[in-house]
Amino acid sequence: MAGPLAKGLPVPVLGQERDNPDKDFVFLTVNHPEDVKSRKNQRSIRSRVMRDIGRSRRTRKKCPVQVIFSLQETTLAYDRLTLTIHDECIPNSLASWPFPVELDWRSRELVHFMNSESDYVYRPFRTVWFSMALTDAGAFKLAMANASMFLAQSKDPEKFRYENCSETLEYYGQCLRLVIKQLEDPDDCLGEGVINAILGLICHDLYVGTWDRWTAHITGLRLIYKRRGGFQCLHPNLSLFASWFDVLGCAIYDKRPYFSTDISHPEPVLTEIKPLLLQNMKELVQTSAELIPVANALERIASLAQFINVNSADPNFWSKEDDMDPLRLMGPILHILLSMPRLETDIQNIDSISYLREMTRLAMLIIMAIVKRAYSFSFNELGLLDKKFSYLLSTYSTLFETFFQDIQLWSILTIVALLPQSKNRNLYITQARRQMSLLGIISANTALEKARGMIWIDAIAGATLDQSLSHEIDARIVTDILSLR
1 MAGPLAKGLP VPVLGQERDN PDKDFVFLTV NHPEDVKSRK NQRSIRSRVM RDIGRSRRTR
61 KKCPVQVIFS LQETTLAYDR LTLTIHDECI PNSLASWPFP VELDWRSREL VHFMNSESDY
121 VYRPFRTVWF SMALTDAGAF KLAMANASMF LAQSKDPEKF RYENCSETLE YYGQCLRLVI
181 KQLEDPDDCL GEGVINAILG LICHDLYVGT WDRWTAHITG LRLIYKRRGG FQCLHPNLSL
241 FASWFDVLGC AIYDKRPYFS TDISHPEPVL TEIKPLLLQN MKELVQTSAE LIPVANALER
301 IASLAQFINV NSADPNFWSK EDDMDPLRLM GPILHILLSM PRLETDIQNI DSISYLREMT
361 RLAMLIIMAI VKRAYSFSFN ELGLLDKKFS YLLSTYSTLF ETFFQDIQLW SILTIVALLP
421 QSKNRNLYIT QARRQMSLLG IISANTALEK ARGMIWIDAI AGATLDQSLS HEIDARIVTD
481 ILSLR
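First residue of the sequence shown? That's 1 in the UniProt record's numbering, and the numbers climb one at a time after it.
It should be emphasised that the hints constitute simulated quantities derived from the structure, not laboratory data. Hints may be right or wrong, so weigh each one.
[Stated by the list, open to error] Derived pair list, reagent style DSBU-like, types lysine-lysine, alpha-carbon separation capped at 35 Å: (1) Lys274 - Lys159; (2) Lys387 - Lys320; (3) Lys372 - Lys255; (4) Lys387 - Lys372; (5) Lys226 - Lys255; (6) Lys159 - Lys423; (7) Lys450 - Lys372; (8) Lys255 - Lys320; (9) Lys274 - Lys320; (10) Lys423 - Lys226; (11) Lys181 - Lys226; (12) Lys450 - Lys320; (13) Lys372 - Lys388; (14) Lys450 - Lys255; (15) Lys282 - Lys387; (16) Lys155 - Lys372; (17) Lys372 - Lys274; (18) Lys274 - Lys255; (19) Lys274 - Lys181; (20) Lys155 - Lys274; (21) Lys282 - Lys388; (22) Lys423 - Lys387; (23) Lys450 - Lys387; (24) Lys423 - Lys372; (25) Lys372 - Lys226; (26) Lys155 - Lys320; (27) Lys181 - Lys423; (28) Lys282 - Lys255; (29) Lys159 - Lys282; (30) Lys226 - Lys274; (31) Lys387 - Lys159; (32) Lys423 - Lys274; (33) Lys388 - Lys181; (34) Lys159 - Lys372; (35) Lys372 - Lys320; (36) Lys450 - Lys423; (37) Lys155 - Lys282; (38) Lys274 - Lys388.
Use the sequences and the hints to build the structure in full.
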């Protein structure tokens, strides 16, 4: 052991420099093993070790770290909990209903939201619509689209954008696919279920203002109506809603209704007509057959005014969710008004009948727009109607100012009372004053009392004489008198 081996037993120890092989080894002898503890050799060993550790860190490939999430038990537990909660939250009035589709947890959540929201948010015909939705899978999907939209709105009303509401659009698409499938089925294409679903689509499009879709769906509904020969033997609400959505959408642009006749089967008017109005209605009918629709509309709007004046003291009058009376009263009026001939703006030579018909038609449409807004059926047609009414007065009023003066005064004062912020207010007050002068009326109070003797809805135009309005009209009279001196 002390021979050549003892002289130089090579013990491989990590060296310092890779390019100098001689320095990769430190030679120790058996006779002097304590040399391994010398400062020089220890430094060499540490240097080599640290160098290779560093190289290892730089060159070693990292194996991908796999993170596996196992959510099966958690998800199942959540689903069971959610289903239990929403089973309990679905109201007793709905729990026994046979839902047209199997409800997942999200559907139950949306049903619960629709039910609980009714405690603090007014939505017209909520229960009526939901009961209709439960009769058809497509209609139910549309109800889910509405619920998800309202839920998203409630969470962030400032940032809500319909086009970004993916869940609503997905439910809407599911409804549309089911409707298309039904329309391709000879047994279902004319059934109550597909009609319910299409009515839901029409209502949804009205709410969000997607008019191209609304036009397509109301046109399709009209075709179904024609192929069926009417909506006989179906729930009466279907005809009522079909007619209502027709006139509600057409009123936005003052268009003729898609249904040429009022399919809601309006009830006869049983209201006691005020003497001044009755006298003018008789004269309208006697003057021309073209003015008969005007008389009919005046009669029905007088009935609406009486209904509102008698019942609007009830604090809940404007927010009874399932009250169908507004549709029954307003729908026929709108259908008559929208079905009348329009006054073409490029025609210079018109007659007194066309002028009076258009004046009263526009005045009554403005009344209806304000009433709809009070009932939360609000759409932005007032700007268009205001523009048309002001054009009519500024262009033709001096030609026919003595024709049915009571009706003209009533029409103008109604607009003055209902549109206080109109940019055409000076024109309207000037024309009101002119009609007063022709009728020999000096006081604005007298003129307003005369208008109230025709048709006046207290809840929207004022239950008592508006003294500020009277002063405004009277001040204009004084100004005109002074200007003549």
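Results of checking the hints against the structure:
1. For the given pair, Lys274 sits about 50 Å from Lys159 by alpha-carbon distance, which is inconsistent with the 35 Å threshold.
2. The straight-line distance between the Cα atoms of Lys387 and Lys320 is roughly 33 Å, inside the 35 Å bound, and the hint therefore holds.
3. Our distance criterion of 35 Å between C-alpha atoms is met by Lys372 and Lys255, whose separation comes to about 17 Å.
4. Proposed proximity of Lys387 and Lys372 is supported: the alpha carbons are some 19 Å apart, at most 35 Å.
5. Pair hint Lys226 plus Lys255 holds up; C-alpha atoms about 20 Å apart against a cutoff of 35 Å.
6. With a C-alpha separation of about 32 Å, the suggested pair Lys159 and Lys423 falls inside the 35 Å cut-off, and the hint holds.
7. This hinted pair checks out: Lys450 and Lys372 have alpha carbons roughly 25 Å apart, not beyond 35 Å.
8. Among the hinted pairs, Lys255 with Lys320 is consistent with the structure: their alpha-carbon atoms are about 29 Å apart, no more than 35 Å.
9. Simply put, Lys274 and Lys320 have alpha-carbon atoms about 29 Å apart, close enough for the 35 Å limit, and the pair holds.
10. Straight-line distance between C-alpha atoms of Lys423 and Lys226 comes to about 44 Å, which puts the hinted pair past the 35 Å bound.
11. Of the pairs offered as hints, the one joining Lys181 and Lys226 holds, with about 20 Å between alpha carbons and a cut-off of 35 Å not exceeded.
12. Pair hint Lys450 plus Lys320 holds up; C-alpha atoms about 33 Å apart against a cutoff of 35 Å.
13. The hinted pair formed by Lys372 and Lys388 meets the criterion: a straight-line CA distance of about 19 Å does not exceed 35 Å.
14. For the suggested pair Lys450 and Lys255, the alpha carbons sit about 32 Å apart, so the restraint of at most 35 Å is met.
15. For a cut-off of 35 Å, the pair hint linking Lys282 to Lys387 stands: about 30 Å separates their Cα positions.
16. Our distance criterion of 35 Å between C-alpha atoms is met by Lys155 and Lys372, whose separation comes to about 27 Å.
17. At roughly 24 Å between alpha-carbon atoms, Lys372 and Lys274 fall within 35 Å of each other, so this suggested pair holds.
18. Taking the CA atoms of Lys274 and Lys255, the gap is near 31 Å; set against the 35 Å cutoff, the hint holds.
19. The suggested pairing of Lys274 with Lys181 is violated, with an alpha-carbon distance near 54 Å, which exceeds 35 Å.
20. Restraint check: the Cα-Cα separation between Lys155 and Lys274 comes to about 50 Å, which exceeds 35 Å; the hinted pair is violated.
21. For the hint pairing Lys282 with Lys388, the CA-to-CA distance comes to about 27 Å; that is within 35 Å, so the pair holds.
22. Annotation: proposed proximity of Lys423 to Lys387 holds, straight-line Cα distance about 9 Å (limit 35 Å).
23. Proximity of Lys450 to Lys387 is assessed by CA-CA distance (about 26 Å); at most 35 Å being required, the pair is judged to hold.
24. Distance hint between Lys423 and Lys372 is fulfilled; the C-alpha atoms sit about 22 Å from each other, no more than 35 Å.
25. A C-alpha spacing of about 29 Å is found between Lys372 and Lys226, which places the hinted pair at or below 35 Å, so the restraint holds.
26. A distance of roughly 25 Å separates the Cα atoms of Lys155 and Lys320; the hinted pair therefore holds under the 35 Å criterion.
27. A hinted pair counts as satisfied when its Cα atoms are at most 35 Å apart, and Lys181 with Lys423 does not qualify at roughly 50 Å.
28. For the given pair, Lys282 sits about 28 Å from Lys255 by alpha-carbon distance, which is consistent with the 35 Å threshold.
29. Taken as a hint, the Lys159 and Lys282 pair is broken in the structure, with Cα atoms around 55 Å apart against an allowance of 35 Å.
30. Restraint check for Lys226 and Lys274: not satisfied, since their Cα atoms lie roughly 40 Å apart, outside the 35 Å limit.
31. Taken as a hint, the Lys387 and Lys159 pair is honoured in the structure, with Cα atoms around 32 Å apart against an allowance of 35 Å.
32. Of the pairs offered as hints, the one joining Lys423 and Lys274 holds, with about 32 Å between alpha carbons and a cut-off of 35 Å not exceeded.
33. Of the pairs offered as hints, the one joining Lys388 and Lys181 is violated, with about 43 Å between alpha carbons and a cut-off of 35 Å exceeded.
34. Straight-line distance between C-alpha atoms of Lys159 and Lys372 comes to about 27 Å, which keeps the hinted pair within the 35 Å bound.
35. A distance of roughly 14 Å separates the Cα atoms of Lys372 and Lys320; the hinted pair therefore holds under the 35 Å criterion.
36. For the hint linking Lys450 to Lys423, the alpha-carbon distance of about 25 Å falls within 35 Å, and the restraint holds.
37. Note on Lys155 and Lys282: the hinted pairing is violated, with a Cα-Cα distance of about 55 Å set against a maximum of 35 Å.
38. Straight-line distance between C-alpha atoms of Lys274 and Lys388 comes to about 29 Å, which keeps the hinted pair within the 35 Å bound.
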